[in-house]
Amino acid sequence: MSAMTLAMLLLGDGRLPSGGHAHSGGVEAAITDGRIVDITTLEAFVIGRLSTTGLTEASLAAATVHALTGTTTADDTREVLAVLDVEAEARIIAPALRMASRRLGRQLARVAGRCWPHPVLASLADAAPDGAHQPVALGACGFAAGVGVQAVADLAVHHAVSTPAQAAVRLLGLDPYAVAALTADMASLATGVAAAAVAAATGPFAELPAPNGPILDIAATEHAGRDARMFAT
Amino acid sequence: MGAFHGEHDHEHQHRPRIGTSLRVGIGGPVGSGKTELVACLCETLSAELSLVAVTNDVFTTEDASILARRAVLPLDRIVGVQTGCCPHTAIRDDISENLDTVEELERRFHPDLVLVESGGDNLTATFSRALVDVQLFVIDVAGGDKVPRKGGPGITTSDLLVINKTDLAPMVGADLDVMKRDATRMRGNLPTVFTSLRQDPAATQVVAFLRHQLAHGHAA
Numbered sequence: 001m002s003a004m005t006l007a008m009l010l011l012g013d014g015r016l017p018s019g020g021h022a023h024s025g026g027v028e029a030a031i032t033d034g035r036i037v038d039i040t041t042l043e044a045f046v047i048g049r050l051s052t053t054g055l056t057e058a059s060l061a062a063a064t065v066h067a068l069t070g071t072t073t074a075d076d077t078r079e080v081l082a083v084l085d086v087e088a089e090a091r092i093i094a095p096a097l098r099m100a101s102r103r104l105g106r107q108l109a110r111v112a113g114r115c116w117p118h119p120v121l122a123s124l125a126d127a128a129p130d131g132a133h134q135p136v137a138l139g140a141c142g143f144a145a146g147v148g149v150q151a152v153a154d155l156a157v158h159h160a161v162s163t164p165a166q167a168a169v170r171l172l173g174l175d176p177y178a179v180a181a182l183t184a185d186m187a188s189l190a191t192g193v194a195a196a197a198v199a200a201a202t203g204p205f206a207e208l209p210a211p212n213g214p215i216l217d218i219a220a221t222e223h224a225g226r227d228a229r230m231f232a233t
Numbered sequence: 001m002g003a004f005h006g007e008h009d010h011e012h013q014h015r016p017r018i019g020t021s022l023r024v025g026i027g028g029p030v031g032s033g034k035t036e037l038v039a040c041l042c043e044t045l046s047a048e049l050s051l052v053a054v055t056n057d058v059f060t061t062e063d064a065s066i067l068a069r070r071a072v073l074p075l076d077r078i079v080g081v082q083t084g085c086c087p088h089t090a091i092r093d094d095i096s097e098n099l100d101t102v103e104e105l106e107r108r109f110h111p112d113l114v115l116v117e118s119g120g121d122n123l124t125a126t127f128s129r130a131l132v133d134v135q136l137f138v139i140d141v142a143g144g145d146k147v148p149r150k151g152g153p154g155i156t157t158s159d160l161l162v163i164n165k166t167d168l169a170p171m172v173g174a175d176l177d178v179m180k181r182d183a184t185r186m187r188g189n190l191p192t193v194f195t196s197l198r199q200d201p202a203a204t205q206v207v208a209f210l211r212h213q214l215a216h217g218h219a220a
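So the sequences go chain by chain: A and B.
For the first sequence, my numbering assigns the number 1 to the initial residue and increments by one for each residue that follows.
For the second sequence, my numbering assigns the number 1 to the initial residue and increments by one for each residue that follows.
In short, the hints are calculated from the structure, not lab data.
None of these values were measured; they are calculated from a predicted model.
Even glycine gets a Cβ: it sits at the ideal position worked out from N, Cα and C.
Incorrect hints may appear among the rest.
[To be verified] Chain A regions said to be covered by chain B (calculated; three or more residues, Cβ under 8 Å):
1) 8-18
2) 99-109
3) 115-121
[Claimed, not checked] Facing chain A, from chain B, some residues (calculated, C-beta under 7 Å):
4) 76
5) 79
6) 82
7) 96
8) 97
9) 194
[Claimed, not checked] Some, not all, of what chain A presents toward chain B, calculated at C-beta under 10 Å:
10) 21
11) 22
12) 32
13) 34
14) 162
15) 166
16) 167
17) 170
18) 171
19) 175
20) 231
21) 232
22) 233
Model the full structure from these sequences, guided by the hints.
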């Protein structure tokens, strides 16, 4: 196995201590609102999420790796990461999701710093002292781990599918085999989203894709103030 | 009691600590009295120590208002974290949420004592040594006098086993001598205390244990 493959598998493993287990990607709120009740409605949710925020996140992550490949000095690196972080902020609208995204970025950088120590992670902390947004952190951590643009886009897409899928299993007691199959069935859409993200990664930062899900934002905002929730988002 | 820190010093070296707080994990099954213990410890110690609390319990504004009414801690010193339906993951396998919250509170308040209350779980729960310096495991007499002999890392390795609700023993037919004998057999030299927080809301024995930990230095 190559070091890059091992790093990619680690980054895609839900057991990596990077905080993801406490997030449902909007599924808990959707269940509370009655929008997800079974495997069919979960599938619709995952397709929607992957096509909107999934593409946005994968593009930011892929663009981060691409941009870092071209930087030479620490100042340059910090500047690029700061600009990408602002682009991420502009694409994450709900305050609760902004906070969660920075927290997840911070948590990923913490574990990546132990696994793949690299100066780029110090630049990341300088660029965003409260934690960079998760997609930017994923890009920087992927870069530190020697994972390329395509692989980082794939990881972001994998997160966008597996986070809601796993949460739905825990909250609704759905058939875990059916949910695994649902994830596998996303192959065609996932491939397309990752390819679009990689294609966008080389363009100007301001033109990175920004599709969003207003219901996700509204539901996340309500969820953050709810009593007795199991997942942070 | 003191041996723990020597064994784990190498782990602490990786982690730049903020301040010198003692981080105490409080785990145990649902309903054994973890929240009650946190409240008692805060009431007893908050006059002389700076305290913060992180709760992994399903945290509601009702819980918060109960704590607020008892005035055990200002509300900004109590933070709830979500565990994604997996309370033991949040304190053992992926401690990110808890560690992040603990560090935030340490930066803000420079506390002497950080209490991390796990969500109610089963006997397999245990705290990561990277999250807490010392862990208490709380079980209760009403859960049955066979609980200590069932083992699990909380029973066998926690730094202090707290057996709560001793006042209920006659009502539920629990034999405290059996529990004591089994706890000693399972834990070797590790300490166990029997208490009833209802009868002793000052949590005298637990407070004495924590004072000892605070006085005899923990890895900082």
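Right, here's what the structure says about each hint:
1. 8-18: Check passed, 4 qualifying residues.
2. 99-109: holds (count 3)
3. 115-121: Since 0 is below three, the answer is violated.
4. 76: Check failed: Cβ of residue 76/B comes no nearer than 16 Å to chain A, outside 7 Å.
5. 79: 12 Å, violated
6. 82: At about 4 Å, which falls below the 7 Å cut-off, the nearest Cβ of chain A leaves the hint on residue 82/B intact, so it holds.
7. 96: With a minimum Cβ separation of about 4 Å from chain A (threshold 7 Å), the hint on residue 96/B holds.
8. 97: Holds, because the Cβ-Cβ distance from residue 97/B to chain A comes to roughly 5 Å (cut-off 7 Å).
9. 194: Violated - the Cβ of residue 194/B stays beyond 7 Å from chain A, reaching only about 32 Å at its closest.
10. 21: 5 Å, holds
11. 22: Holds: closest Cβ of chain B sits about 4 Å from residue 22/A, inside 10 Å.
12. 32: 14 Å, violated
13. 34: 19 Å, violated
14. 162: 13 Å, violated
15. 166: 9 Å, holds
16. 167: Since chain B brings a Cβ to about 7 Å from residue 167/A, closer than 10 Å, the hint holds.
17. 170: Holds, because the Cβ-Cβ distance from residue 170/A to chain B comes to roughly 4 Å (cut-off 10 Å).
18. 171: 7 Å, holds
19. 175: This interface hint is violated because 17 Å lies over the 10 Å limit.
20. 231: 5 Å, holds
21. 232: Since the shortest Cβ distance to chain B is 4 Å, the answer is holds.
22. 233: 9 Å, holds
The structure shown violates the earlier hints numbered 3, 4, 5, 9, 12, 13, 14 and 19.
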